[in-house]
Structure formats: structure tokens, C-alpha cells
Amino acid sequence: SQKIEQNSEALNIQEGKTATLTCNYTNYSPAYLQWYRQDPGRGPVFLLLIRENEKEKRKERLKVTFDTTLKQSLFHITASQPADSATYLCAPQFSGGYNKLIFGAGTRLAVHP
Amino acid sequence: DAGVIQSPRHEVTEMGQEVTLRCKPISGHDYLFWYRQTMMRGLELLIYFNNNVPIDDSGMPEDRFSAKMPNASFSTLKIQPSEPRDSAVYFCASSSTRGLSRYEQYFGPGTRLTVT
Numbered sequence: 053s054q055k056i057e058q059n060s061e062a063l064n065i066q067e068g069k070t071a072t073l074t075c076n077y078t079n080y081s082p083a084y085l086q087w088y089r090q091d092p093g094r095g096p097v098f099l100l101l102i103r104e105n106e107k108e109k110r111k112e113r114l115k116v117t118f119d120t121t122l123k124q125s126l127f128h129i130t131a132s133q134p135a136d137s138a139t140y141l142c143a144p145q146f147s148g149g150y151n152k153l154i155f156g157a158g159t160r161l162a163v164h165p
Numbered sequence: 006d007a008g009v010i011q012s013p014r015h016e017v018t019e020m021g022q023e024v025t026l027r028c029k030p031i032s033g034h035d036y037l038f039w040y041r042q043t044m045m046r047g048l049e050l051l052i053y054f055n056n057n058v059p060i061d062d063s064g065m066p067e068d069r070f071s072a073k074m075p076n077a078s079f080s081t082l083k084i085q086p087s088e089p090r091d092s093a094v095y096f097c098a099s100s101s102t103r104g105l106s107r108y109e110q111y112f113g114p115g116t117r118l119t120v121t
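Going line by line, the protein sequences match chains A and B. Each residue of the first sequence is one higher than the last, beginning at 53 in this note's numbering. Each residue of the second sequence is one higher than the last, beginning at 6 in this note's numbering.
No lab work stands behind these hints, which were simulated from the structure alone. Keep in mind that the hints are not guaranteed to be accurate.
To be verified - Pair by pair, the computed Cβ-Cβ distance ranges are:
#1 S60(A) to K73(B): 32 to 38 angstroms
#2 E67(B) to T130(A): 20 to 26 angstroms
#3 E106(A) to K73(B): 23 to 29 angstroms
#4 G104(B) to R110(A): 17 to 23 angstroms
#5 H128(A) to Q22(B): 33 to 39 angstroms
#6 N55(B) to R94(A): 24 to 30 angstroms
#7 R110(A) to S12(B): 33 to 39 angstroms
#8 S12(B) to T70(A): 26 to 32 angstroms
As the structure is a prediction and not an experimental result, all values here were calculated from the model. Virtual Cβ for every residue (Gly too), placed ideally from N, Cα, C.
Please build the complete structure, drawing on both the sequences and the hints.
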């Protein structure tokens with residue numbers, strides 16, 4: 053069955069450093085992969101989408117890589133700020149449907165001043 | 006744009022009662038998704054619709070759960086009868102297959118359901 057793994061432990065970093073979050077998937081090859089941010093008590097918010105034929109995508113301080121050989125995506129936040137503290141969810145497209153996503157459990161990021 | 010609207014925001018009910026959750030997707034979006042989020046199981050897809058037609062309901066846990074989309078601007082998720090293990094946050098999301106933002110899902114604020 054399709055399985056998504058994200059860092060289960062919370063990630064604590066100092067303001068100004070780069071945060072790197074990992075998403076691994078097994079048993080299939082998604083056509084694309086998305087990253088979402090979720091704050092406590094709120095719904096997930098879309099951040100970035102990367103397709104299988106793209107190695108890297110950037111948006112302001114965010115960068116996502118997609119390695120289809122390793123079956124892994126990395127999500128980077130450069131020059132991190134306390135406002136970046138949230139849970140980040142990895143969501144590869146699910147092989148059973150082009151618009152269907154399967155969400156990872158999320159990694160909680162805490163950026164300390 | 007108002008975004009995805011869900012109601013109620015909070016629902017507390019007793020075991021055995023019927024619960025109806027409501028969702029209004031973003032105008033023009035042709036996909037609508039219902040998710041459930043718990044600490045133990047994370048964010049799970051329950052069912053999704055394309056152009057008001059249910060495409061995949063394999064995530065619906067039991068026959069006690071049902072969902073409808075009578076038109077492009079309204080969907081309901083019903084639980085009858087409700088049980089304590091249904092306690093969770095239920096999210097509705099919508100997306101479009103057109104334009105630059107296709108496949109991005111836009112989530113509502115969620116309905117926090119507590120079944121006592």
C-alpha cells in the first residue's frame with residue numbers, strides 16, 4: 053500500500069537558520085507532490101506543487117525538491133522566522149486518482165528567536 | 006473571494022444523534038473533498054466529488070457516513086447515528102482543474118465534532 057513518511061519528531065531551529073523537512077513515499081510514483089502549512093485550529097494552506105519532471109521549485113524563501121529515484125521530497129525554509137512555526141504536511145498525488153492526495157502526518161516546526 | 010465555507014464550526018452531540026456538516030466550495034471549482042483529521046490518524050480523505058458526482062468514497066469509514074452534493078455550491082456530510090469515535094475535525098476542500106492553480110486544494114476552517 054502507498055505510504056508517506058515525514059519526520060515524526062518536531063523540528064526546533066534558531067531564527068535565521070534554514071529548516072529542512074523530509075517526505076518519503078513508498079510503493080508508487082506520484083505525478084506531483086504538494087506541501088501545505090497548517091496552523092493550530094485552522095485548515096491546511098497550500099504552499100507549493102512540484103511535478104515529477106521538475107527537480108526543484110522555489111517561492112520566496114521556500115524551496116522544494118523532488119527526487120523520484122529516492123522517492124523523496126525535501127522542503128526548505130531559508131532565513132526562518134518565528135512566524136514560520138507551524139505544522140507542514142507533505143501530500144503526494146495518490147495513484148488512484150489524479151486529483152486525489154494522500155497526506156503525511158506532518159512535521160511540526162518551531163522557530164525560536 | 007470568500008474561500009471555502011463550512012458550518013457549523015463546532016458541534017457537540019450525544020451518541021446516537023444525527024449530525025450534518027455543510028460546505029460551500031469556492032465558486033468555479035469543480036472538485037470537492039471531505040477530510041477527517043485526528044491526532045491518531047492524521048488527515049484522511051473520506052470522499053470526493055467532481056462536477057457534483059461522487060468519484061471515490063473508499064475512505065468513508067462505515068455506512069453511517071453519507072455525503073451528497075446536490076449542486077455546485079453545496080455539499081453535506083451526514084453521520085447517522087453518531088458515535089464517540091467519530092469525534093474529529095472535518096474539513097471540506099475544493100480545487101479546480103483549470104488555470105495556473107489547478108490541483109491546489111483550498112481548505113475550509115473545519116468543523117470540530119465532539120460526540121459524547
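Hints and how they fare:
no., hint, verdict
1, S60(A) to K73(B): 32 to 38 angstroms, "holds, 37 angstroms"
2, E67(B) to T130(A): 20 to 26 angstroms, "violated, 45 angstroms"
3, E106(A) to K73(B): 23 to 29 angstroms, "violated, 37 angstroms"
4, G104(B) to R110(A): 17 to 23 angstroms, "holds, 21 angstroms"
5, H128(A) to Q22(B): 33 to 39 angstroms, "violated, 47 angstroms"
6, N55(B) to R94(A): 24 to 30 angstroms, "holds, 26 angstroms"
7, R110(A) to S12(B): 33 to 39 angstroms, "holds, 37 angstroms"
8, S12(B) to T70(A): 26 to 32 angstroms, "violated, 40 angstroms"
Hint compliance for this structure: hints 2, 3, 5 and 8 are broken, all remaining hints hold.
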